[in-house]
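I would like the entire structure built from these sequences, with the hints used as guidance.
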Amino acid sequence: MSTRHVLLGLLTAGPSHGYDLKRRHDERFPQARPLAYGQVYTTLQRLVRDGLAEVEGTDADGGPERTHYRSTDKGSVELAHWLGEIAPPAPFVTNDIFAKVVVAILAEAAGEPADPAAYLRAQRTAHMARMRELTALKTAPGADLATVLSADYALSHLDADLRWMTTTAGRLAALTEEIRNV
Amino acid sequence: MTPSTAPLITARGLEKAYGRTDALRGASLTLGAGEILAVTGASGSGKSTLLHCLAGIVTPDSGSVRYDGKQVENLSEAQRTELRRTDFGILFQFGQLIPELSAMDNVALPLLLAGVRRAAAHQQAADWLGKFGVYGQARLRPGEMSGGQAQRVSLARALVTGPKVVFADEPTGALDTLTGEQVMTTLVQSARESGCAVVLITHDAQVAAYADREVVLRDGVVKADEPWAAEHFSRAEVRGND
Chain E
1 MSTRHVLLGL LTAGPSHGYD LKRRHDERFP QARPLAYGQV YTTLQRLVRD GLAEVEGTDA
61 DGGPERTHYR STDKGSVELA HWLGEIAPPA PFVTNDIFAK VVVAILAEAA GEPADPAAYL
121 RAQRTAHMAR MRELTALKTA PGADLATVLS ADYALSHLDA DLRWMTTTAG RLAALTEEIR
181 NV
Chain A
1 MTPSTAPLIT ARGLEKAYGR TDALRGASLT LGAGEILAVT GASGSGKSTL LHCLAGIVTP
61 DSGSVRYDGK QVENLSEAQR TELRRTDFGI LFQFGQLIPE LSAMDNVALP LLLAGVRRAA
121 AHQQAADWLG KFGVYGQARL RPGEMSGGQA QRVSLARALV TGPKVVFADE PTGALDTLTG
181 EQVMTTLVQS ARESGCAVVL ITHDAQVAAY ADREVVLRDG VVKADEPWAA EHFSRAEVRG
241 ND
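One line per chain: the protein sequences are E and A, in this order.
According to full-length UniProt numbering, the first sequence is numbered sequentially starting from 1.
According to full-length UniProt numbering, the second sequence is numbered sequentially starting from 1.
Don't read these hints as lab results, they were simulated from the structure.
A couple of the hints might just be wrong.
Distance condition first, Cα-Cα at most 25 Å in a straight line; then the derived PhoX-like pairs of lysine-lysine [stated by the list, open to error]: (1) A:K131 x E:K138; (2) E:K22 x E:K138; (3) A:K131 x A:K164; (4) E:K100 x A:K223; (5) E:K22 x E:K74; (6) A:K164 x A:K70.
This structure is a prediction, so every number in the text was calculated from the model and none was measured.
Written out as C-alpha cells, the structure is:
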C-alpha cells in the first residue's frame with residue numbers, strides 16, 4: 001500500500017497534523033497494520049520535500065507543538081494520477097500457503113514425513129475461524145463502513161484461498177502420482 | 001456440561017443409499033440447542049441427504065437421529081409430520097413458496113395448519129413480514145417478488161411457528177452476494193434472538209462463516225467435526241450460564 005498516497009488522500013479533508021492522520025488512517029483501514037508514528041512523520045516530510053504537501057502552521061494547544069500539513073495543487077494532481085492508475089493484477093504467486101503445499105507434495109512423494117492433505121485441512125480450519133471472526137465483526141450492530149469494507153475484502157481473499165485449497169485437495173492424488181512418475 | 005447444553009440433535013452412523021449410490025456412509029454429528037452449524041462439502045457429498053435425515057423427511061437405511069429425547073426414525077409418518085410442523089422450520093434454495101398464495105398467506109399457512117385462528121395467524125404473519133422488511137410485499141404472489149424478497153418471505157414462513165431448529169439448504173444459493181448477506185444476517189439474528197438452532201447446508205465458505213461451527217462432509221462421512229468440538233462446548237457453557 002502506498003502510504004504517501006493514502007496520507008495525501010486523508011489530507012483532502014483539510015489540513016491535519018501527524019497524530020490525527022495516523023488516527024484517521026487506523027480508523028479507515030481497520031484490518032490493516034496500524035501506521036507507525038515514525039512512518040507518518042517521515043512520509044509527511046517527503047511529501048513536503050516533493051512539493052506535494054506543505055506546512056500550514058503549528059499549534060501547541062497546551063501540549064507539545066504540532067505541525068499542520070495541507071495538500072498542494074501538485075499533490076492533488078499526483079493523487080488523481082494514482083487513483084486512476086490500474087494496479088497490476090498479481091503478476092506472481094508468492095503466497096506461503098501455495099509454497100507449503102507445493103513443497104509438501106514434493107516431500108511426500110520423496111518419502112519424507114509430509115502430509116499435504118492434513119496441512120490443507122488444518123489450514124482450512126484456521127481460515128474458517130478467521131472468517132467467522134470477520135463475519136461477526138461486519139454484521140455486529142452499528143458496524144461502520146470502514147469495518148464492513150475491510151472485512152469484505154479480507155473475507156473475499158480468504159474465500160479465494162479456500163477455493164484453491166479445496167480444488168488442490170481434490171487433485172492431491174493425481175499431483176503426487178505425477179511427481180512419482182517423473 | 002450443564003443440562004441446557006445437552007445436544008438437541010444427535011445423529012449416529014447414518015447410512016442412506018439411493019439405488020446403488022451411497023449418499024451417506026456412516027455420518028455422525030451433534031447439534032446443540034441454539035447452535036448454528038454449517039454443513040459444507042462438495043456437490044454429491046451427501047449434504048442434502050443428511051439434512052433430510054435430520055429433519056425426518058427421509059428415513060436412513062441405518063443409524064439413528066435422536067431429537068429432544070425422541071428417536072426420529074421410530075416415529076410414525078404422522079408423528080414426523082407433526083414434528084416438522086411444530087419444532088422444525090425448513091428453508092430451501094428456491095423458497096418453495098406456494099405460487100398461488102400471497103406472501104401473507106404463505107407465511108400464515110403453517111399457523112393455520114397448526115390450528116391458529118385466521119385473524120391471529122395473519123397478525124403474526126404480518127409481524128414477521130415487517131420484521132424482515134417485506135411487509136410491503138404482503139399482497140404479492142411469489143412470482144411478483146425479487147429473489148431476495150421471496151427468500152425473506154420463506155424465512156418468515158420457516159420461523160413463524162417458533163421452531164427449535166431451522167434446516168436451511170443452500171438458502172443463498174440463488175441470490176447475489178449482497179442479497180444473500182441480508183438473508184443470512186436476518187436468519188442469524190432471528191435465530192440468536194429466539195434461541196433457535198440452525199443447520200445450514202452450504203458450499204459457500206462465506207455463508208458457512210455465519211455459523212458457530214462447521215462440519216465438512218466428504219463421501220457421505222463427516223470429516224471435520226472433532227476439531228471444533230472443544231470450542232463448541234466451551235461456547236455452549238458460556239451460553240448456558242447466561
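Notebook entry, point to check: Which numbered hints turn out to be false for this structure?
Noted result: Result: no hint breaks.
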